[in-house]
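Undergrad: Next come the chains, spelled out residue by residue.
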Amino acid sequence: MSAVSAPLLALRGIAKSFAGVRALRGVDFDLQVGEVHALLGENGAGKSTLIKVVTGAHQPDGGSIEILGQKIEYLSPALTRHYGIACIYQQPALFPDLTVAENIGLRLEPSKPLRRVDWAGRRTRAADLLKRIGANISPESEVRSLSMPEQQLVEIACALGSGARIVIMDEPTASLTQKEQHLLFAVVRDLRKSGVGVIYISHRLEEIFQLADRVTVLRDGQSVGTNAVDDINENKLIQLMVGREVSHIYPPGESAPGEVVLELRGVGCKASGVRGVTLQVRAGEILGLAGLVGAGRTELGRVLFGLTPADSGEILLNGKPVAVTSPQDAVNRGIAYVPEDRRRHGVILEMPIAHNMTMAIHQRIFPGTWLRFGAERQLALDYIRDLAVKTYGPEAPGGSLSGGNQQKVSLARWLATKPKLLILDEPTQGVDVGAKSEIHKIVRRLAKDGLAVLMISSDLPEVLGMSDRIGVMRGGELVSILPGHSDAHTVMAAALGQRGPGGSA
Amino acid sequence: MSSPTSSPPGWKAALRSHEFILLAVLMAEWVSFYFAGTHHTSHGTFGFGTADAQADILRHTVEIGLLALVMTPIILTGGIDLSVGSVMCFSEIVFGKLWRDAHMPIPIAATGALLTGAAAGGLNALLITWLRLPPLIVTLGTYSIFRGLAEAVTRGADVFAEFPASFTFLGEKSWLGVPVQVYVFVVVAIAVWLLVHRTTWGRSFRAIGYAPEGTRFAGIPVERRLALAYVLAGTVAALAGLIYASRLNQVTAADGTGYELAAITAVVLGGTSIFGGSGTVHGTLLGWVAVAVLSEGLAYANLPRELGGMLTGVLLILALSASILPKVLSNWRARRHTGTSTSQPPPPAST
Amino acid sequence: MKRNLMLLLAAGLALVACSKSDSNAPSGGGDKKPVIAMLPKNKANAYFISCSKGAQDAATALGVDLRFDGPTKTDPSMQTQIVEGWINQGVDAIAVAAEDKASLSTALKKAQSKGIKVLSYDADVLPDARTFFVNQATPEGIANTLVDEAARIMDGKGEFAIITASLVAANQNVWIAKIKERLAKYPNLKLVTDPLPSNDDKDQAQQQAATIMNAHPDLKLIMAICTPGVPGAAEAVKQAGKVGKVHVIGLGLPNENKDYVHAGVTDSVVLWDTGKLGFLTVQVANALVKGTLKAGDKEFKVGDTTYKIDGDNILLGEPTIFNKANIDKYDF
Amino acid sequence: MKKHFREWSVAAALGFILVALAVFAPPFYHPQPLLSLVTYEAPTLIVAVGMATIIICRQIDISVGSLFAVCGVCGALLLDRGWPCLAVLPVSMLLGALMGAINGGLVAGLGLPSIVVTLATMVTWAEALRWLRQGVLVNVGHAQWFGFTQGEGQLTIVITALVILLINAVGLRHLAAGRFIYAVGTNAEAARLAGLRPRLITFLMFVRLGTLTGLAAFLAAVQAPTLQPKPDNGLELKAIAAVVVGGVAISGGRGNLWGVFCGVLLLTVVSPISPALVYLGIPSYWGKAIQGAIILLAVVADGWRARKQKF
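Residue numbers (our numbering), protein chains in the order written: chain A, 1 to 505; chain B, 506 to 856; chain C, 857 to 1188; chain D, 1189 to 1499.
These are calculated hints, taken from the structure and not from any lab test. Warning: the hint list may mix true and false statements.
[To be verified] Just the calculated beta-carbon pair ranges, DEER-fashion:
1. A:227 - D:1388: 42 to 50 Å
2. B:809 - C:1181: 37 to 45 Å
3. D:1210 - B:620: 38 to 46 Å
4. D:1197 - A:483: 55 to 63 Å
[As the list claims (entries may be wrong)] Far from chain A, some chain B residues (derived; all Cβ distances over 12 Å):
5. 540
6. 607
7. 728
8. 762
9. 827
[Said to hold, decoys possible] Each computed DMTMM-like pair below joins lysine to aspartate or glutamate, with the alpha-carbon atoms no more than 25 Å apart:
10. A:112 - D:1377
11. C:1185 - C:1123
12. B:678 - C:931
Keep in mind the model is a prediction, meaning the values are calculated, not measured. Cβ atoms here follow ideal geometry from the backbone N, Cα and C, with glycine treated the same way.
Isolated chain A, as found in the complex (with noise of 0.2 Å):
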């Protein structure tokens, strides 16, 4: 950590509004040579906004940007990677129906359109730096043939390619497994070594503190305090982000489980790879499932709820078997699914609050398929006080509200199926950390009025401090049931497949 004169990157005062609404008002923000940054902060407190702001996507209100110490007037895509300036997004910015080797080509070669195109150039030089990031991705496939922790390795690849002396990853690790996890980590030290800058944006704060030098900390579009990892801890950090104390974010469980709602007999799909699960999920209580990314829990979600129907093993809704093998089966019976990508699959962005709540709910509020106005409304309204989703009205379109909300409203469509299980699929990634207690809340709060909450979640703390039972999944199969208050290793260990207390690899 070499305190340079001229730091690579400094943004002072910076200033963006959209519409009027102002998203950053005034960033200050240095990155040293050879120093990994963390960037830290709620959704909507402009992390986002910024990095567009450095990779030159948006345009700057105001304030200055300098790097090296020299003052840049202007920035655009493909001006900051003159700058050796280098994003790794969150949503891989890749395309794909082109190969890997090309995709990384198009990233790194000069862009002159009139130039011949070296194809076994292109294959060496990806070969290359996948085997450098510990990848094991041919360059020929497709990049649509792709799973997302992969696509995210290749953008690695491209930013490690491009010799960049700033390196931005925005949340790289979200959907990586343990083990890409770690490449990455030796990746991120190694740019490290050889004096790149990295901005490193996560909401996992022990990935901050593995891996960080220093941490500045966004709230509400500005700055609000750079610190050396060193010289904070977790709970300073979090009071940084809320601007205030959080004492616990877990809500008490009280669980007082009824009967048997869900039991699973061997279920197994061949298609999305889930293989003999065996469990109950009772009334009242919180089955949290846990396991690594690509273990098969949102796809065991995605069985239950009839949008890949099982093909082997027994469903047993209290008691009685039945069939699930579409979504419209999966209402009927009272299965609800909060699913895991919000603003794909949760909320219709474009269509009012009130029209989401209750699309799960058209054959009863709506007898008849005529549209009641007034019925709508009033429903909306209820669970907008009931969850208390900040909006101005039933009628503002679901784009408008924040991450938190649309949450909300997500969930409040599934409630008022009244169903008897309920399934979260990541019920807060990417929600801020206020919103995530209240939703914790909430669910509790279900569970306690007697409903079967099977919720499934990579936050590793979030299934510790909610769940009264936990599954854990690993390769399409669950491995082992544990309960709620296990500790995180004994839960980690099982996810991993090593033996350990209770495990049963």
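Fit chains B, C and D to the given chain A structure using the hints.
TA: Quick look at chains B, C and D alone, frame taken from chain A:
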């Protein structure tokens, strides 16, 4: 990207104003053609401003109006149906064949035609939902095949004509001064309006248009909803074909050529987004009437009728630009504001 | 949304109310210049363009207002639409060349019921839908001339094909029937296929001709009985390199075929004076409006020329054969 | 082989028909009618080349039929005035480029959906042409086959089309610019982040299609001594169909010009004007139905493969 939060959105207002502007255009057309295309003589009034002329404008365009009506739900789902003109023609041919060559009574032949239309719509729906193919290419395929079949069945030349009066009343007679087919049209229009604006089906069309996957995740049977839209389009296309056949008292393999584009024009002009989701049936009706009055009114005003097509094209671009221009302008302004001067890259770092 | 709909309904009602208040005229006829509307099958077709020139001459001479309008391609529905527009405009006379008998006749009867004088020219409609048909040539005249010409070129034997406008075209269908009758005289002439429709489109005629030459390698002659068909067929023969092997004759305008006739691709074209056809049509229409010509009259005089009326057919005269020898003398 | 399965299967279908013709109907290979057929469809190939790249770029242009007619008529009028072919050709291409630029400007500049923009310009140009020319034939006379003999003229046209195909196919594969088109088509936002200019590229694609259409129109205009102005020539759907049959995905980013070439040939061989049908004893009025069946078959095959891949 931070999303702006509290403050009611402007898109609804814009949508509303779109229809008002269209209504104003229509009124302007009507008034100017009334003055330019009507003449009074000692024998009475002639030209555009007569009930007959208005009725004829409706009669001449009712088929396109029907196609536009049922194209609306399809475009709301984010789809498109290029095959309606061909399906309309092929259904007519089936009708002609059944009546003339199979000697079936008119009602049975007409039912046969409607079933053919429904089946053709069903084929579109099947390919779109089952194989998850883009509607544009599916209906491009069915567009060619139904036109091709129509030509093959008629050997490119056979013509069905001289239908009995029990059939031609549909296209030629009037009740209470209003052409018979207009009653049919009004019934279909009300039905489609109710379907789109007052039922959960219509709500689902929009949802599918905005987010097909999201709709599936909400437990709505997307395939069945899509199938309804396409089967409805096929059936009503066949109905339009029957009206067309009875109005002209003939059926040929060239009927309905280019009608699909005329229908799409009316829908898009009416403010329905080609990407799906937003749009209204009354907007489509306005778009359809605006085009119909324009193209026929010009002839009454002794102006070249080709002008109508040109103005339709221009109107279409204007309607689209109007909805998008404020955004584009603010973008440009923003870009100008930041300037475009590029500074020298910094010297290579020596680390 | 609701308010919108209300407005829409109000507008619709207003529209109907306005138009209802206008009275329907029982008859046409004018206190000013009579208006004569003339509908060609296809206003882009050189044949009808040449017709319209003659018609305009007559209109200028008579001091009537001529409206010449039609589709720019084969389109029976457009024809009906245009005629119905004229009815609403209250023109005094309508003269039509029908693409399709059945569909146009309905509209024309409506015109008659409103007192508009109706006549047809070039291609007839149903007899009860018009007063007179200005017949450019008797079907027998055309058919016999064409078949005799074909027999002469083919030495009385061999295969030939016919390219027609469309299979609905009224006049062409009559000619085809008469051609078939005339063929009885030449037992060795073989019509190889049903007439091929070209939709009054030169390119399509060319494609049809190319196809038929492929299908029947021994074909000796192509007879095109619509004007765009002749140059179309000739071009096909030329491109196939079969000049001299496959002969082309037909009903065609001299100007469109001069080059082919001189190049020896087309042997001869048969036609009447199209300008005169237009001229006579407007004359007849005007006489009907003025009341100087009535159904049942036996002849019709224009200046010094007297035209014979056969039933309700006003005859233009005999067609002319244009060939290498005389084609340069004509310009239409 | 596996990678270009789609292109190979179209080529195989084409090969199958060509072999069947060789066995059952050798007269199909008589040079003259075959050359005429190929010449007649050469302009379609040129337009399809432009259309393919527009679709790869995830846009669509349904105004090419009108552009084609306008360029053809303007070119023919100039030829009729005695302009030499070499002077008319650039004018025709320039006019096409200009009209393409209007499409491109509206699509790339204002961000309007291409299908609606080109629907509007299609109607506008078509009606303008009808209005101004009233469908009257234009004499090209002396300029038929560029003033060459028929054989030379036909060969010139066919070779021009093939050269255009070759240049574009190679460029699309081996020039960086070609790859940029794929990049924009598969993910415009990613292309922007990678430093490309998607709007500019989209705009240029429309200009390019317009230019190629102008060229194609000129090559069609000199094929006969007179030109019939036909704005509703259906060229747009013909070109799109050939492109789709040739394996270019309508969703952009996938496909190549060799597939498109096979698609054009396949549809040409079975077209209603093709001697192939006649020789195989199929009435020509089945041509369109067969073309339709091929298009539908190609579409269904795509869907089937995608469906199978998913599971």
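Undergrad: Decide, hint by hint, whether the structure agrees.
TA: Checked hints:
1. A:227 - D:1388: 42 to 50 Å: Since the Cβ atoms of residue 227 of chain A and residue 1388 of chain D sit about 44 Å apart, the hinted range of 42 to 50 Å holds.
2. B:809 - C:1181: 37 to 45 Å: Given range 37 to 45 Å: holds, Cβ gap about 42 Å.
3. D:1210 - B:620: 38 to 46 Å: holds (43 Å)
4. D:1197 - A:483: 55 to 63 Å: holds (58 Å)
5. 540: It holds; residue 540 of chain B is separated from chain A by about 42 Å at its closest Cβ, greater than 12 Å.
6. 607: holds (38 Å)
7. 728: Incorrect as stated: the minimum Cβ-Cβ distance to chain A is 9 Å, not above 12 Å.
8. 762: holds (35 Å)
9. 827: Residue 827 of chain B is indeed farther than 12 Å from all Cβ atoms of chain A, at 19 Å.
10. A:112 - D:1377: Between residue 112 of chain A and residue 1377 of chain D the Cα gap is close to 19 Å, so the pair holds against 25 Å.
11. C:1185 - C:1123: Roughly 16 Å separates the two Cα atoms, so the pair holds.
12. B:678 - C:931: Within the cut-off at roughly 22 Å; holds.
Of the hints listed earlier, the one the structure fails to meet is number 7.
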